[in-house]
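Asks: Take a look at the letters that make up each chain.
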Amino acid sequence: MARLILSGTLQKLAGGDAELEIDARDVKQLLRMLSERYPALAPHLESDAYAIAIDGEIFQDIWFAPIGPDSEVHLIPAIRGG
Amino acid sequence: MNDMTPPKAAQQHLKIVGTRPLRPDGVDKVTGRAKFGADIHVPNMLIGKVLRSPHAHARIKSIDVSRAQALKGVKAVITSADLCDLPSEFIPAGEMMVNFKDMTRNVMAREKALYEGHAVAAVAAVSEAVAAQALTLIEVQYEVLPHVMDVAEAMQAGAPLLHDDMFTIGVEPRPAKASNIAKRVEFGFGDLEAGFARADVIVEREFATKPVHQGYIEPHACLASVSEDGQAELWCTTQGQFIVRAFCAKLLGMDVSRLRVTASEIGGGFGGKTVVYLEPLALALSRKACRPVKMTMSRTDVFRASGPTSGAKIWVKVGATRDGRITAADALLKYQAGAFQGSPVQPGAMCAFAPYDLENVRIVGFDVVVNRPKVAAYRAPGGPIAEFAVESVIDEVALRIGMDPIEFRLKNAAKEGTRAPYGPKLGPIGLVQTLEAARAHAHYRAPLKANQGRGVASGFWFNIGGETCASINLGEDGSVGLVVGTPDIGGSRASLSMMVAEEFGIPLDQVHAIIGDTTSLGFNFLTGGSRVTFSSGMALVEAARDVIRQLRERAAKIWEVAVEEVEWVEGHARLSGKGKTLSLAELAKTAGKTGGPIIGNAAINATGAGPSLATHLVDVEVDPETGKVTILRYTAIQDAGKAVHPSYVEGQMQGGAVQGIGWALNEEYIYDDKGRMENPGFLDYRIPVCSDVPMIDTVIVEVPNPRHPYGVRGVGETPIVPPMAAIANAVSHATGVRFTDLPMSPPRVLAAIDAQRGA
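Here the protein sequences come in this chain order: H and L. Numbered per the working numbering, the first sequence spans residues 236 to 317. Numbered per the working numbering, the second sequence spans residues -18 to 740.
In case anyone wonders, no lab produced these hints; they're calculated from the structure. By construction, the Cβ of each residue, glycine as well, lies at the ideal position given by its N, Cα and C atoms. Some clues are possibly wrong.
Stated by the list, open to error - Result set (DMTMM-like, lysine to aspartate or glutamate): computed pairs, CA atoms no more than 25 angstroms apart in a straight line:
#1 H:Lys263 x L:Asp673
#2 L:Lys561 x H:Asp283
#3 L:Lys406 x H:Glu256
Claimed, not checked - Which chain L residues face chain H? A few, computed with CB under 8 angstroms, are given here:
#4 Ile119
#5 Ala361
#6 Ala584
#7 Thr588
Claimed, not checked - Here are the computed distance ranges between Cβ atoms for each label pair:
#8 L:Val125 x H:Gln264: 27 to 35 angstroms
#9 H:Gln264 x L:Ser279: 25 to 33 angstroms
#10 H:Asp258 x L:Arg426: 42 to 50 angstroms
#11 H:Arg238 x L:Ala157: 34 to 42 angstroms
#12 L:Pro578 x H:Ala275: 50 to 58 angstroms
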């Protein structure tokens, strides 16, 4: 299964969990799973303030980016720029 | 999500991409034809002006506009009551998420004025003189409150509180008391304690930077026209007409479809034109007056009321072994947000140590409100501030272990597969290549004289993709028209046209690009995040390939063959192996007969933007009698992925370096003890001019981004990241004094030199 790695602020909001196996085929499924598992994370995920990095590639606001069975997934703040 | 074929650059010899044609907007700009924000005039136009708070922090007890409204020639007066009060709701814009509750209060103060220059009312009148007179007739009753300008003071218990409903996010449990600390963020991994225990050398320092303005030469300006039936048009200088439409529609309670926004030519933005200031006010005035309303900011208004980037206090600690391996890195960032939350501390924290491959790293950041204008994005928002501190410490660590600073960076450089401090592993990046190019450059070996020093620093910026639409219209003569929704700030009409010409295999002068208004395309995110050549380029390549597919189909119909037998080669459909060709012009001419006009569209949410890294070298001379720092020589080296138009890429690198020189040496906001800005003009807020800087030498490194059809990376933001540290390192080597506070203006440098002398 794919691995989700949490660190820093997000790890704290997830009750200290640093790494977990995830059964999600895409970003939308992952967000739903995280919101159910970690209610404290839910409002942050709903705010579009976060992006998902799948195997190093950052996806912002893209629900259907596929997550492979061996993917390494990170939840990171969305980046905008000037 | 976009799915593009692998880099075309790797597949074929390019004829147009990578060359240096004349810029398509050059003639209009040098002849004065180009229409900037203030150049739009329409019949029956009124002039709008804003009344601004003279106080840094004050409760607004009442506003009486009756005398102003009664003045002959005044057609409308507005206050915050004319804009929607909105609940707290975050949406993405520019560097960060914006909160509509804050936005409506920033464009027009409600309960309180939170900084000097905060808008409190606005008028529209038949002339500028009448509008100015009307402002004097508006009576505002203020209750002046204590103010706070410094980030560290604002974080103290007992500091004047800007918002009594602000409770720090990112702290568990949620604080019981409101404070000026909007948010705490933290990134990192590993075991810091163990890492520092393994270090032979540890350097720990505190740094301070001042807010600096983006310094765009064109002030904010717009013209709004709202008709009696609620249809509205807005012309403005902006980095994103679709974002302006979204913001203004929300603030005025309009459907976005009723508001058409056209972006003018833009005289610089650098992130500062990703937000709205005058635009909703002009619309509200026009709606009330039922006449067009034009508004422009003076330079003073720009300084007092539009966003600079944050000032900050930073602490950095880095440990390393004597053989040059970093064992641990720790940083604490405190960024001013201005009057409303949303400093770029989060991207700053993510960038801080991003150039390095670290086992043990932590960055903690705080977003803090103060009684200054709300910050706005500024080129690589947050990155330059954090990396000024980090790259200064990196330099000092190298010095302490007796290692060449480039060699030290190479030993620790992030590369493909390195885990970034914010989590994910990095894809292909070009930091090592920029460091090697710096080490091999003649600049790095040039001799220095007394009072001179050389500095090195590297820098990282993410770059982004985002929502992007583009269309291609094939003219009946075979010329190609492009429409994109991203304003051209740094030469994107040239770079985008070049990629399209390359795709079609036609001369560049057959391709013409325009920036469409909000009715011409679907939603486009703004010009920011160094995304336009990457994202709009990706959309246009997709659209061009769609047009070429249609052209092959038309040729196949004409030749009565299967489309698979038709290939597209250098502007022609060619029947494989038969020697038959049809040119683009011939196919365009017969388009009506073969099925109708030919257009291509693409709508994508671009992903795969590759980070761009840079290394800068600078030589300075410090006058020991005056403290003046002179930039003697400057070389900027950057990974562009693929430089579509190298001259524009070099221009971005030079511009970023020069803005960084200003940030390092001169620029700062100076306030009196009442929180009023004392230097709101370019005479006293000194940005660099040509005579202050040498020719900025450039070296473009090309490590292709595999997720773009031409290997493109964004280049616009990274070049402002290294300069402050590079210059601080150079000044420190020239003087023997480590400089940790910006700007390194002559009085500060002289004071430090005198202190060292024991004067």
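Asks: Determine for every hint whether it applies to the structure shown.
Replies: Evaluation of the provided hints:
1. H:Lys263 x L:Asp673: 52 angstroms, violated
2. L:Lys561 x H:Asp283: Roughly 53 angstroms separates the two Cα atoms, so the pair is violated.
3. L:Lys406 x H:Glu256: Cα-Cα ~18 angstroms, so holds.
4. Ile119: Constraint on isoleucine 119 of chain L not satisfied, violated at 34 angstroms.
5. Ala361: With a minimum Cβ separation of about 7 angstroms from chain H (threshold 8 angstroms), the hint on alanine 361 of chain L holds.
6. Ala584: Interface hint status for alanine 584 of chain L: violated (13 angstroms vs cutoff 8 angstroms).
7. Thr588: 6 angstroms, holds
8. L:Val125 x H:Gln264: 27 to 35 angstroms: 54 angstroms, violated
9. H:Gln264 x L:Ser279: 25 to 33 angstroms: This hint is violated: roughly 52 angstroms between Cβ atoms.
10. H:Asp258 x L:Arg426: 42 to 50 angstroms: About 57 angstroms separates the Cβ atoms of aspartate 258 of chain H and arginine 426 of chain L, which means 42 to 50 angstroms is violated.
11. H:Arg238 x L:Ala157: 34 to 42 angstroms: 37 angstroms, holds
12. L:Pro578 x H:Ala275: 50 to 58 angstroms: 54 angstroms, holds
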